[in-house]
Structure formats: C-alpha cells, structure tokens
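Visitor: Given the coordinates of chain H, work out where chain X should sit on it, guided by the hints.
Number of protein chains: 2
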Amino acid sequence: MRPQIVLFGDSITEQSYRSGGWGAALADTYSRKADIVNRGFGGYNTRWALFLLHHLFPLGSATPPVAVTVFFGANDAALLGRTSERQHVPVDEYKENLRRMVQHLKECCSTMFIVLITSPPVDEEGRKEYARALYGEKAMKLPERTNEIAGLYAEKCVELARELDLPSINLWSKMQETDGWQKKFLRDGLHLTEDGNAVVYQEVFRVFSEAWLPASKMPYDFPHHSEIDPENPGKAFQQQCLGV
Amino acid sequence: MRPQIVLFGDSITEQSYRSGGWGAALADTYSRKADIVNRGFGGYNTRWALFLLHHLFPLGSATPPVAVTVFFGANDAALLGRTSERQHVPVDEYKENLRRMVQHLKECCSTMFIVLITSPPVDEEGRKEYARALYGEKAMKLPERTNEIAGLYAEKCVELARELDLPSINLWSKMQETDGWQKKFLRDGLHLTEDGNAVVYQEVFRVFSEAWLPASKMPYDFPHHSEIDPENPGKAFQQQCLGV
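So the protein lines, in turn, are chains H and X.
So the first sequence is numbered by my numbering: it starts at 1 and just counts up by one.
So the second sequence is numbered by my numbering: it starts at 1 and just counts up by one.
Extracted from the complex, chain H is given alone in its bound form (with noise of 0.2 Å):
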C-alpha cells in the first residue's frame, strides 16, 4: 500500500543508512507515507548497473516505485593506469548509461519522478591519506580520482538531465561552494561524511518538495492515532481495513 521511493546508486547511496546517513533521514522523513527502498551497489559503475536494471524495475510490475534518485559516477570517474582503473567508464559511455537507466525506469513508469545525482568531489588529499593509512608505503603515488575529472562526470549528468527534462543535483558543484568542503563533507576523500550526508538529503527533499510531492502533502498509509476513538477503534480502521 505504501509508496516506494527507491534510492539506485553505489557506495554512496549504500552506506546511507549509517548513522547520520541521508536515505535514513530520507525514510524518516517519509515515515508512514513511503519506503524508502536502498538499492546501492558499492563498487558498481553504470556499465555493470545496467545488468541490474531488469531485476530491480521490471517491466510491467503492478506496484513500480514512484520515484527514483540515480546516483552514480564516483566509480566511473576512476582513472585508467590507476589502482581503480577497472571500474572506470568513459565519460560518454557513463552519460549513455545514465540514459539507459532513465529510458528504462519511464518504460516501467512513464509518471515515475526520477533525479539524477553526480557524485561529490573529490579530496584528492584525502584520498591519498585514505591509501596511505591501507597499504602504508606501498600506496601508489598517483590519486586514482582527480577532482577534475570527476567534474566532467558531473557536468555530463546535469547535462543529460537537461536534455531529458528531469531534475538534477549537482552535488560536485555544491558541496564545493562551501569552505573547507574536502574534510567537512568527505571521510576520505570521497565518501560522506555526516555533514556530506546532510547536504544530499537537503538537496533530495528540495528537489522532491519543490518539483514532486513533499512528505507533509502524503497521506499516512494508517490513520493517525489521535483519529482513533477508543470507544469505537473500529470505525478509523473501516475505510482502510474493510474486512478485518
């Protein structure tokens, strides 16, 4: 009965029920209202996403999700010659992911909100640090992301969503218009940090409560508690719960 809302993504979107995490705060906020259905891959590009898409929104499923964020780029932008070189996409292969991906989810659900999300900058200090601390001196030189790079991944998702006329975040530009972005959003670099994750799930209800549907205008799934009459509990259940 209840919505879905299903957040689609690597790690970023996979550690987002950790403690201060966006998808939690996203599923607190939609509390009795919507699921919020975590389907983040660590480790995944969009070319190995896309052998997923078929399983996880199948065509012609009765109850698809009402909505989707996509987010995912932070595994593509990996260099090639670096120590991550096998998760990396061309920059205009990922951006034709990201279409396939949308193509799909409107096959399943021409109505579905759908937002695209870029991944976050990148700290290429912190990343060094972070290789550093796992493979001491035998860490290689080289970052295998640049901040750089991982912009023109960026730049081809917003890009894309424009062409498409879906909403985007463009979490590489705005977490870079605060100062001190590299230790106060990122752990290593990289991954968010509890400030990180806010910035994401303010970005998410924004464009959710501006362009879709806000929480506070869904119904609850049951009725509230202060509806029921102790006396006769009975009739607030019997629009919802004929037959019980």
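No false leads were mixed into what you were given.
EDC-like, lysine to aspartate or glutamate: derived pairs with alpha carbons at most 20 Å apart: (1) H:K235 - X:E85; (2) X:K138 - X:E125; (3) H:K174 - H:E210; (4) H:K33 - X:D35; (5) X:K217 - X:E203; (6) X:K33 - H:D35; (7) X:K235 - H:E85; (8) X:K95 - X:E85; (9) X:K128 - X:E148.
Just so you know, these hints were derived from the structure itself, not from any lab.
Guide: Below, chain X without anything else, positioned relative to chain H:
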C-alpha cells in the same frame, strides 16, 4: 529478491530511522542482504494494531517477511484516569493481543522468525518534565505512565514468548541494569536517545545472530564488485541475471 525483515510496533519503531536509530542501524547491517521495513505506528496500542494485521501481513503472500520484531506495550501501559488513558489496554488483553499477532504471523509463514520486544522502562521524572515543557502549569501532576506498571506489561510479554517458545528482549529489565538509564537511554522518559537506540539495536542484532541468521551468513543479492571481471562483466551476472 531480497528478503524482508519487518519492524512492527509503535512510535519507538516508527522513529527508529532517526539519526542513530536502531532501525537504520539494522538496515545498515543487512545492507545488500535484506530489506528492513519499518511498520511503526506512533501512539498505537496492541488493540489498534490488530486492525492492521491482515493489511501488513496478508495471508497467502508469496513473499512474506522472513522475520518480524513485535514491539508494543508503551501505549498499552498508559494509566487509566491520566492524560493518556485513551491508549490504555488492560495487561491481560495486551498479552492476548500479542498472542493473536504471533498466531497471525505464523499463519502467514510457519518458519517466520518472530521476536517479541517489551517496552523500555519509564522515567516518571522525565515524563513530568516533558509534560511541563509542553503544557506548563496545566500539566497534570500525576504521571500518565509508571515504571512499575510498565514492568507488569514487560513481564506478560516475556511470559508469552516463553509459552510460545519465541525469543524475546526484555528491554525494561535490560536498560535498568545500567546506572543512570533514566537520562542515558530515554530522552523524554519514554522515547529513546541514541544510546537507548544502541541498546535496542545490539539486542536485536544479538537475538538475530544467535537464534536465527546473522547478516554475515546471508548472501549478497548481486555479485560483490570485486567478483566482477571488468573485461567480461556479464559473466558474474549470468547466474542471477539471465536474460539481461
């Protein structure tokens, strides 16, 4: 494809996706393995929750939840003749209502793993402070819940679990083992602080892991990214995603 674990309860379940909440922490633990579905209904007692049973857990469902936490009592234990009396349910009825819930869940799926959770202890001083903050001088001088009465409900809950051979979590006892539980675990004498949420999470995690299925033993729903061959990504998806 991903199995569902349903959290069925009152506001302490409904609010479990707030920052540091036990529901979000479980969702993070079972990430990529099971979906944690929040079916918390703030203000509900067991009598009202019975009206929801067939809707939340329809008989004959092809995909019933694999596990359910049943976490009621905080509202049932509201005292007659006090400000929350409309929520009051006599303690023997509370026990029978819980029994009907379990019977229904077992009818849905005889192998469903069901855990009964008692309500937390009540800090009467905390409740009074909360009432004064809300209603000022108009606040009733007598608490609408007492810890002693909450303890009787907890006893009945644990008693029923024993009769039905189900695991239970006696939160009422467990929390009182810690000095200063009143402020450490409860933010308004009844609802949980982050520390209180951590206790619920740890207990549910322990019961799930000991008596049922630890997250670590459950398979990922799709290949881990490290298992994907970048030269031939289709191979890793072949078994699970035939036909894509």
